[in-house]
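S.K.: Now for the letters of each chain:
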Amino acid sequence: MALNPEVIALIIVTIIGAATPLLLAALGELIAEKSGVLNLGLEGMMIMGAVIAFMTVHNTGSATLGIVAGILAGMGMALIFAFLTLSLQSNQVATGLALTIFGLGLSALLGREYVGIAYSGLPKLDLPVLSELPFFGKVLFSHDILIYFSLFMVFATFYFLNRTRSGLILRAVGESHDAAHSIGYPVIAIRYMAVLYGGAMSGLAGAYLSLSYSPMWADNMTAGRGWIALALVVFAMWMPSRVLLGAYMFGGITILQLHGQGMGIAIPSEFFSMLPYLATIIVLVIISRQSSASLAPASLGKPFHPTH
Amino acid sequence: MISLKLEARSQPSDKMRYLSPLIAVVLTLLSGIVLFSLMGTSPWEGLYVFFIEPVSSLYGLGELAVKATPLILIALGLSIGFRANIWNIGAEGQLILGAIFGGSLALWIYPDGNIWLIPSMIVFGALGGMLWAAIPAFLKTRFNTNEILTSLMLTYVAILLLNYMVNGPLRDPSGYNFPESRMFQDAALLPILLEGTRLNLGSLVTLMILIGLWVMLSKTLIGFQIRVVGQAPDAAKYAGFNHKKIIWFSLMLSGGLAGIAGMMEVSGPIGQILPSISPGYGFTAIIVAFLGRLHPVGILFAGLIMAISYLGGESAQISLGLPMALTGVFQGLLLFFLLAADVLIRYRIVLAFKSKAAQV
Chain L
1197 MALNPEVIAL IIVTIIGAAT PLLLAALGEL IAEKSGVLNL GLEGMMIMGA VIAFMTVHNT
1257 GSATLGIVAG ILAGMGMALI FAFLTLSLQS NQVATGLALT IFGLGLSALL GREYVGIAYS
1317 GLPKLDLPVL SELPFFGKVL FSHDILIYFS LFMVFATFYF LNRTRSGLIL RAVGESHDAA
1377 HSIGYPVIAI RYMAVLYGGA MSGLAGAYLS LSYSPMWADN MTAGRGWIAL ALVVFAMWMP
1437 SRVLLGAYMF GGITILQLHG QGMGIAIPSE FFSMLPYLAT IIVLVIISRQ SSASLAPASL
1497 GKPFHPTH
Chain X
2 MISLKLEARS QPSDKMRYLS PLIAVVLTLL SGIVLFSLMG TSPWEGLYVF FIEPVSSLYG
62 LGELAVKATP LILIALGLSI GFRANIWNIG AEGQLILGAI FGGSLALWIY PDGNIWLIPS
122 MIVFGALGGM LWAAIPAFLK TRFNTNEILT SLMLTYVAIL LLNYMVNGPL RDPSGYNFPE
182 SRMFQDAALL PILLEGTRLN LGSLVTLMIL IGLWVMLSKT LIGFQIRVVG QAPDAAKYAG
242 FNHKKIIWFS LMLSGGLAGI AGMMEVSGPI GQILPSISPG YGFTAIIVAF LGRLHPVGIL
302 FAGLIMAISY LGGESAQISL GLPMALTGVF QGLLLFFLLA ADVLIRYRIV LAFKSKAAQV
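These protein sequence lines map, in sequence, to chains L and X. Sequential numbering of the first sequence, starting at 1197, is according to my numbering. Sequential numbering of the second sequence, starting at 2, is according to my numbering.
Pulled out of the complex, with its shape left as it was, chain L reads as follows (with noise of 0.2 Å):
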């Protein structure tokens, strides 16, 4: 396989493809962590998302009411985690787990009569003039919306952290939620917003799964992917920019599993579907060497009750 601009693009254009659900979900973790929760339930969140959007789709023929479905999926189970944790001071570690297994059995449960139905996948937003564009064209202007939306996305989530009074309020929660709480901000309701959001955004990572990157429903399709974006977040050291940057670069491994059998190289396929596991864990103890912990919001996993 010669690499000739039109293969380089198609590689591009995989590489955009598999980083956006890793893109999303991370994202919606990432806030939810900034308000000092941590959510290990990413992957059940997201299998919801994928399995809702796919039935739905199927069903009304609607592509966007696929993709609120997903939406709606992944925040009612971040609501199951929220009302747990934060109402019921549930152990967060163990809920994350319990979100993981109820997710995974539910979805396969709801999704036995859709496995091995295809769908056309969501359409394409070829911008006018731009998408002819040679190579660039492909590259950068025909993607689907989801796409464009994750990567607005990752300027939103710095703006309304950075930029934001909110945002403000939201970080303050998650490094001490004692002296929020005293100053008079509602902890546990900010918070029950910041997992719902994360829920929102795990479910659009699980409809991107189902409706665009694999239009179709398979037990177990996430495959890890919701533990490597919650990896990616600590990565990122909760910075928007870096999982964006962590993202892409997950998405050039997966890449190398897709490509690498096809260049050539003598392999087992088994050990190139292993680089993604293999390179979560090598970047996990890249970071934790810079000793991230420092980092982390300082709330982080602690559970709140207020005395008073």
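Hints were generated in silico from the structure; no laboratory data involved. Glycine included, C-beta positions come from ideal geometry on N, C-alpha and C. Any given hint could be a false lead.
Within a straight-line C-alpha distance of at most 27 Å, the following computed BS3-like cross-link-like pairs (lysine-lysine) qualify [as the list claims (entries may be wrong)]:
1. L:K1498 with X:K220
2. L:K1334 with X:K6
3. L:K1334 with X:K245
Covered stretches of chain X, going by a simulated chain L footprint (3 or more residues, C-beta under 8 Å) [to be verified]:
4. 142-154
5. 287-298
6. 338-345
Since the structure of chain L is already known, use the hints to place chain X on it.
M.R.: Frame of chain L; chain X shown alone:
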């Protein structure tokens, strides 16, 4: 206006600690009624087929032990780490490595084998699981890398490694290119304990390990340290307990036990190495550990309860045509209810009557 408020108890309630799993089981059964109705099955028939029918024969009881064995074995190891706030959630991967290591030993010396083969396979299985758990342990103690994410990522790597092994080095040379190993020789199979069932030596080994761990937890220094680290981390730090040692100990123990569980799966009910050797025992064992209150005896009962969810899923699939995925749903619900009920250990729920005016 009436609202629910959580009021902290002055002391955690021991009564609630043991009542909460019962509440969770009852609530799960109640949701079972709703779930079966939604799926168009008579709820009573559904509950009967799911929870009673599978264990109403001798063979069924044997199956219960077969399914409970890996769950209990893995949960025992995990509970030690959970007590000390060390979250090994990659037991599924450690189980797979144990199966590969233990099984490979049998295949290596095939068709030979004597009475020492099974004990050697157990040792190899434990080593496989420990090797896989050593990676998160090393990264955690050396670089302070989060063990939740590393142990989980290694599970995906283990699944792919198993896939490679059954398609490559371990594939049955006389098979028809199916991705599976040859059937083990008799000397590599765990002997059946009860005629007419699949109950095998593995269950007995598990029971012995359970008793051994119970003694260790209550009678040895490391057992004491683990309990203190879990209950009072500051006191542990003050007393100068070696935290790295506790991390290594709990990950080696949980990895080793998960490895033995994997070896006993391939050497017991399966009898060969397949591309899939566990229906998620490594993850379900997390629920077993919590449901059993991180205590060996509790884990024994919790393991039996969770084993029913697997048997019930199979039985509902055969008799009622319901999907196996029901098992995961019930397991997830049970853990949700347990976590919710656990709030009553530390808090009591009070009904607060407030007038609007008094709220200001």
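S.K.: Each hint needs a verdict: does it hold in this structure or not?
M.R.: Hint check results:
Our distance criterion of 27 Å between C-alpha atoms is broken by L:K1498 and X:K220, whose separation comes to about 32 Å. Taking the CA atoms of L:K1334 and X:K6, the gap is near 57 Å; set against the 27 Å cutoff, the hint is violated. At most 27 Å may separate the alpha-carbon atoms for a hinted pair to count; L:K1334 and X:K245 exceed this at roughly 52 Å. Figure legend: the stretch 142-154 of chain X, annotated as covered by chain L; annotation consistent (9 residues with Cβ-Cβ distances under 8 Å, at least 3 required).
For the stretch 287-298 of chain X, the assignment as covered by chain L holds, since 3 residues bring a beta-carbon within under 8 Å of that chain's beta-carbons and 3 suffice. Check on the stretch 338-345 of chain X: 4 of its residues sit with their Cβ under 8 Å from a Cβ of chain L, so the three-residue criterion for coverage holds.
Of the hints listed earlier, those the structure fails to meet are numbers 1, 2 and 3, in rising order.
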